[in-house]
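Peer 1: Listed below are the residues making up each chain.
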Amino acid sequence: MKANEDQSGPNRKTLMWYLYLISMVLLAFTGFGQMPIYKRYYISDIPGLAWSADFYTTHLIHYIFSALFLGIAAYVVFDHLLLKKKRFALTLSGFIRSAIIAGLVATGLLLVIYNFSGVAFPMWAAATLLVAHMTLAVALIVTGLIVIIRKMPWTVPN
Amino acid sequence: MSHQISRRLFLKGGLAAAGTLAASSIPAAASITDGTGHLATLLDISKCIACGACVEACSETNQSKYPEPEKPFPKMVPSRAKNVDWSEKRDVDDRLTPYNWLYIQSTYVEHDGEEHEVNIPRRCMHCTNPPCVKLCPFGAAEQLKNGIALINDNLCLGGAKCKTVCPWKIPERQSGLGIYLDILPKFAGNGVMYKCDRCYDRIAQGEQPACIEACPEDVQTIGPRDDIIRQAHALAKEMNGYIYGENENGGTNTIYVSPVPFDKLNKAIEKGKGKPHLKPVKDHMADGNNLAAALAIAPIAGIAAAVGKFYKMTK
Chain A
5 MKANEDQSGP NRKTLMWYLY LISMVLLAFT GFGQMPIYKR YYISDIPGLA WSADFYTTHL
65 IHYIFSALFL GIAAYVVFDH LLLKKKRFAL TLSGFIRSAI IAGLVATGLL LVIYNFSGVA
125 FPMWAAATLL VAHMTLAVAL IVTGLIVIIR KMPWTVPN
Chain B
64 MSHQISRRLF LKGGLAAAGT LAASSIPAAA SITDGTGHLA TLLDISKCIA CGACVEACSE
124 TNQSKYPEPE KPFPKMVPSR AKNVDWSEKR DVDDRLTPYN WLYIQSTYVE HDGEEHEVNI
184 PRRCMHCTNP PCVKLCPFGA AEQLKNGIAL INDNLCLGGA KCKTVCPWKI PERQSGLGIY
244 LDILPKFAGN GVMYKCDRCY DRIAQGEQPA CIEACPEDVQ TIGPRDDIIR QAHALAKEMN
304 GYIYGENENG GTNTIYVSPV PFDKLNKAIE KGKGKPHLKP VKDHMADGNN LAAALAIAPI
364 AGIAAAVGKF YKMTK
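As given, the protein sequences belong to chains A and B, one line each in that order. Here the first sequence stands for residues 5 to 162, numbered as in the numbering used here. Here the second sequence stands for residues 64 to 378, numbered as in the numbering used here.
Honestly, I wouldn't trust all of these hints.
Said to hold, decoys possible - Per the computed footprint, the stretches of chain A lying under chain B, defined by three or more beta-carbons under 8 Å from a beta-carbon of chain B, are:
{"#": "1", "stretch": "31-40"}
{"#": "2", "stretch": "43-54"}
{"#": "3", "stretch": "58-67"}
{"#": "4", "stretch": "93-100"}
{"#": "5", "stretch": "114-125"}
These are calculated hints, taken from the structure and not from any lab test. Here the structure is a predicted model, which means the values were calculated and not measured. For every residue, glycine included, the Cβ atom is placed at its ideal position computed from N, Cα and C.
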């Protein structure tokens, strides 16, 4: 077994890992950019970041990287189920991250549906959904920082 | 407002409960509002004489909904965020303000060799897919089943994103009240946004919006959107006129019919803060919604790649 092959999924610094990282960073940046904070707090004044104050632009970028992220997530999940499940087990931190991501995907897809013409959610439902999506994003960032600092893998050999 | 969430109750709500609700209840609570359920208004602006009865009726009817801010306002940080105070200028009626949700744009326009005096009641267009509702980051706005776009003053933080994304920049801010005062008043939020709610409470009781009821010239008609569109086309044909609002921003529930083309009107009217334009407007939600197809295709591509790899390795 080569170095780095004692883990599966996004542990390895593959192209997939970098795409995952890029999509996560841009999803977080454009996601928080849905709140009117980047103009107020001068983020959009930083050269090259003027677009961050345009809600329609950040909305589109969020969708584009959501698609990339969903593609990666589907690949990693099926790759694990088909090829790696027998050899690798999900760690506790991997399970927590997976659960948070599943929550983000579920709430995110509901928000995509909400944005279609002809779909209306009651105010309490839309507010709950948005707060849940935002809370899960913060939870994933915090969890991500902890696992990076403590070098905790997603999976370990059986 | 019985259907609204108390802001303290909302703040006290547990996140676990929020997550559970998000996962389990929302699909069941979602409703399809397209077309049949929406009420639209038809405004025959050839009839409007700018008497101001609608503006007055709107003000009288909605007094109880107007903001009563606490002063002094919090000092905003950073200073780029400015407090906005209309509470000392409640009588302003020549533009939209938190205390004036409807005003009349008046202008003179020459068309077909004839000079027309045109008066246009202006307020929220109540888009069929309203960006102010759909893009509010806190879900503080709602589209009712009858198409009315409504801002919840108990939940709105006053960040004004609704105004930024509104093609006509309709909502107006009043600082010094709202949920932001209970959170981080200096650092996040800045009051509450206000705009026409098309008298949703009167409509719920089977009454007409105050502006429609008060009009002595019967400028406005309200009814199911399909009927209103048909009436608008018939009226436009009859007067050899023009329609605005049917397709703007993907369609609105406010349909204007005018004897003068709207591009001429748009050039002639006074535009600016609180004074919306009459330009053609593309569907602002369309680009994002068109990308939603990519969200469906991407996981299929991911699964195909994983299955392809599995097949290659097990062959």
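Peer 1: Now, for every hint given, state plainly whether the structure supports it.
Peer 2: How the hints compare with the structure:
1. 31-40: holds (count 3)
2. 43-54: holds (count 4)
3. 58-67: holds (count 5)
4. 93-100: violated (count 0)
5. 114-125: With 11 residues in contact (Cβ-Cβ under 8 Å with chain B), the coverage given for the stretch 114-125 of chain A holds.
In terms of the numbered hints stated before, the structure departs from hint 4 and from no other.
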